[in-house]
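Enquirer: Chains as they are written, first to last, in the working numbering: chain A, 1001 to 1234; chain B, 897 to 1256; chain C, 97 to 608.
In case anyone wonders, no lab produced these hints; they're calculated from the structure. One should not assume that every hint holds.
[Claimed, not checked] Here are the simulated DSBU-like pairs of lysine-lysine, each with C-alpha atoms no more than 30 Å apart in a straight line:
1. C:K435 / A:K1125
2. A:K1066 / C:K506
3. A:K1108 / A:K1125
4. A:K1125 / A:K1052
5. A:K1108 / A:K1154
6. C:K215 / B:K1208
7. C:K435 / C:K300
8. A:K1104 / A:K1125
9. C:K598 / A:K1129
10. A:K1104 / C:K598
11. B:K1246 / A:K1052
12. A:K1108 / C:K506
13. A:K1104 / C:K506
[Said to hold, decoys possible] To give an idea of the interface, some chain C residues facing chain B are shown, with a C-beta separation under 7 Å as derived from the structure:
14. I131
15. Q189
16. L193
17. L200
18. I201
19. M207
20. S212
21. H278
22. F546
23. W582
A quick note: this is a predicted structure, and the numbers were derived from the prediction, not measured. For every residue, glycine included, the Cβ atom is placed at its ideal position computed from N, Cα and C.
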Amino acid sequence: MLIIDKLNFSYGDLQVLWDISLEVHQGEIVTVVGANGAGKSTTLKNISRLVKPSSGSITFLGEDLKGLESHQVVERGIVQVPEGRKIFPEMTVMENLLMGSYLKGTRKDRQANIERAFSLFPRLKEREKQLGGTMSGGEQQMLAIARGLMANPKLLLLDEPSLGLSPLFVKIIFEIIQEISRQGVTILLVEQNVYQSLKISHRAYVLETGRVVLSGDGQELLGNDHVKKAFLGM
Amino acid sequence: MTTLRTLFADTSGRSTVTIIAVLAVCAALCTVPFFVHNPYLLHIMILIFLSTIMGESWNILGGYTGQYSVGHAAYFGTGAYATMMMLQFRQVAPWYGVWVGLAAALVVALVIGSICFRLRGPYFVLASIAVAEILRLCTLNLPSFTNGAEGILATGLPPFTIGETVITDFSTKVPFYYIGLALALLTILVTWLVQHSKLGYFFQAIREDQDAAHSLGISLTLYKNIALVISAMLTSLAGSFYAIYVGFVDPPTVMALDISVQIVLICIIGGIGTIFGPVIGALVLVPLSEALRSNLIASLIFKIGLVSPDSKFGGFLNDNLAHAHTLIYGILVVIVILFMPDGILGFLKKLTARRKGGEA
Amino acid sequence: MTIFLQSLVSGVLVGGVYALIGIGLTIIFGVMRVINFAHGDILMLGMYLAYYLFTLGHIDPFVSVLLIIPLMFLYGGFLQKVFINRVLNALPQNQILLTIGLGLIMSNTMMLVFTSDYKILTTKYSSASFQALTTIVNPDRYERRYNRGNALLEKAHKAQATDKAALYARASEKFAEAVSIHPEQYRALNNWGIALDGQANLTKGNPADRLFEQAYAKFTEADKLSPDDFDIKYNWARTLLHQAGQKQGAEAQRLLTEAAQKLDAGLDSNSDSVAGLNGSALLHYLLAKQQSGPTADAQYKKALEQYGAAIAAASTSDDSTAPDFSGTSSAAARALLAKAYDAYQPPFKAKPDKRGAGISVSTPLAISFVITCGITLLLYWFLMKTNTGQAIRATAQDREAAQLMGINVKRMSIIAFGLGSSLAAAAGALISPTYYIFPQVGSTFTLKAFVITVLGGMGSIVGATLGGIIIGVAESMGAVYISSGWKDVVVFVLFLLVLLFKPSGLMGKSRM
């Protein structure tokens, strides 16, 4: 579905991604794990074309994303739920959700998508009229995911959804991710919470200082010595 | 002392060449009045010196320290008004009045600094404009003190004497030429000294990253104010020089927002944060806008035969082109920002660097 | 109290237009984070568009604003697409300088094309005003009596002959009371004289003469208090004319001569008053009819002159000159004047006091305020309820997140700059009937726009609306209670105080 081939990227003179290659297949949950600054979020930004790669290719459903603007990537069905939630603070929960289905093609499904969002996150329905900026971190994360789903994504990019959340919320979020996957949405997850994310993912990649150092089955990697030592403290 | 030491320590091969070149140009400039007797050409040279002084002074605060003041008309006007008021109301000769202007600019700068330096970025820009506007409105509304909207007209300059010898009676443009040249060289020297001293290092650190500079123990308030005071006093000198040269000041010509903007543009167009950027800016802007003002461009258009001076459009150009002399500032700044963000000087440097790179 | 309310109301009205300017700037800042220094120059373009649509196309500026908004939307969008979009990632200083440069190009191009002359857009209502809040504003004792007197005078003028006398008498009483409170109010004296004249006119013989004498006493007093006032001399002459109408022979001629002297003296300083010139022509004509020989000819000549001047003054176009009757023979002149003046009655004249009850509201400002409110409401609706409007708000709140929603932020920037420009230009069109129009007018408004947006909080539309009103009121209060020269200082000091003590503005950090 998504094929990244030898992706390189630099911020000015500073190269942050080195020959990244990874694949996401239809229906999978694929996780990219790695320490802070390993280049996980930058990879997602490259996919969403918020930044432009210096070399390498990103292909989605057979189409090279080269030359597309970010909003066109969304039109193709790749939706990113960004790190730090990035809720529109001066908009209500409802308005935030509606922004998620801003694209013309998704507007006809608005009502159905709002209902799906509220059934996944009943709490959002209670907060329908509250301003996004006044909600707690966990609620904002729910809203961010719900907002991403409003665009009928084929591939959902989740950037650190559990960051800064209480254990209870972390648990809910990972359950929701599996639920979304069951509904047929392919998921590319970027996480620092290695244990939880590897447990739910089909396949995973390990990033270190901008390079893919390991890849394989989620369960398999959980048992990998290097992963154990580097991320799980075992 | 540090300054002096760096001054001499830094005489590597390249700067020796630069120093010799600068000295040669200075010497050549000193001889100009012996060959050029056309008062209009001298006038243009004097305006170039004036613009250089203005640009260089702003450069210290805006270019090196990164504090984009768009209110430098306040200091220009302070210098101009102080000198003129001393001359007309107190009969004090301008070469003493200048010192009053400098002192006044110092006070004004410290007051403005204490207000504006609490703010950053666009807010600083807006505050600097507001303060300069307040000063202009005060000048306009205190006629008993400043003669208000009427302005002050100099009724005559006393001759400059040393002892009994009359050095000059200011009847030609030549003395103004030398004063302008001297002041321009002075501001360039000050900028050079600033750039090659610890002070310049602190200024640039503040420009690059205020918070980082602060965490390194550089006092932001102190060094921003030092930059402002140097910049303001030099600008005030430019104002005094302008007032004596033109012989008339009123709020719109020495205190308006336009003046502040022009000061910034000289620097931006030439190249910000470099010693010779403002010189380049003045060299480009003054002749171009003077050519428009004196209708040279209109006559050129007629001479080429692009438009007949007798045609309706030609007559229109003849009548109106002169009024639009600041148009050139607008066009140049747009071009510079879009295509040469480092100014003309930076653009030229890049060009030569590319050529050198190509050869190697 | 009246003065306070007066300046409050005019401040709010002007503030409405300021709000429009501020909202435009704040939308641009909100979406692009660029401070638009060309904002005032765009407003200036709006003024010129309104001016030329009015003078060449005869479209009223309050109508042409509907044309100017879409035009300047396209212009703003063009500026964004061609220039501003290129520097969105540049240093904020460079963005500022780019807009400064664009503004300089705009103002200098306009100067090149239309010269730097001041232009004035004069509509029929440019200097019109009306009274508002008459029931709320409680006038003081003098004003109450003065206004009552004026109302009675008006009523008497229109009333049936049988009621006139009583109404004039009551009006006289009111003016008498008013004058006893404020003896220096020459308008009350003047109007008292008119009321007495009205009474006298309805009487005959000695009682009439006594009333006429009283009226003259009032006019004399009023004239002493305000020697340059044309209306007083006019009314005085009119009263003398009325008394002359009741007399015969030498007595009538004496009164007419005195009337002509008074009126001609008044015309010295007010030489384009049609009513005055007509009155003067009438007086000289009547004098001529009573006389004969060379004196009569001289009076005819004078009457003809004044008649011609009256015709010239009555025609609106500026270049018309007085018709030349100098060649007209005495008989033809008499016929001409007889036709014009045998049935002439000078119009009723009682100018109400400026301090009259209620608040005087400038008609163009009031209309522009109403239009401003309409535009603002429409804008709120657009931003809150439409997809594009919400996308603009989203872009302002978080540019990156907006991109991830599939919003084309470059397009939103173009729309935002277009909107901001059309709002500024709309403001320019709306104020064009009340402001001088010249190429450099923009910088004043650029500065005002900064003050307004910073006051409200950069990027906050509600804040800009409030900020506009506050600045309008601060200016108008400053002009009344300090002086018009210092009003801008008041505004800038307010600006600095906000910058220093509440840099996020009145509405805090809230964005669009």
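Enquirer: A separate judgement is required for each hint: does it hold in the structure or not?
Expert: Hint check:
no. : hint              : result
1   : C:K435 / A:K1125  : violated, 86 Å
2   : A:K1066 / C:K506  : holds, 18 Å
3   : A:K1108 / A:K1125 : holds, 20 Å
4   : A:K1125 / A:K1052 : violated, 37 Å
5   : A:K1108 / A:K1154 : holds, 17 Å
6   : C:K215 / B:K1208  : holds, 22 Å
7   : C:K435 / C:K300   : holds, 29 Å
8   : A:K1104 / A:K1125 : holds, 24 Å
9   : C:K598 / A:K1129  : holds, 29 Å
10  : A:K1104 / C:K598  : violated, 41 Å
11  : B:K1246 / A:K1052 : holds, 25 Å
12  : A:K1108 / C:K506  : holds, 25 Å
13  : A:K1104 / C:K506  : holds, 17 Å
14  : I131              : holds, 5 Å
15  : Q189              : holds, 5 Å
16  : L193              : holds, 6 Å
17  : L200              : holds, 3 Å
18  : I201              : holds, 4 Å
19  : M207              : holds, 5 Å
20  : S212              : holds, 6 Å
21  : H278              : violated, 32 Å
22  : F546              : holds, 5 Å
23  : W582              : holds, 6 Å
The structure is inconsistent with the numbered hints 1, 4, 10 and 21, although it conforms to all the rest.
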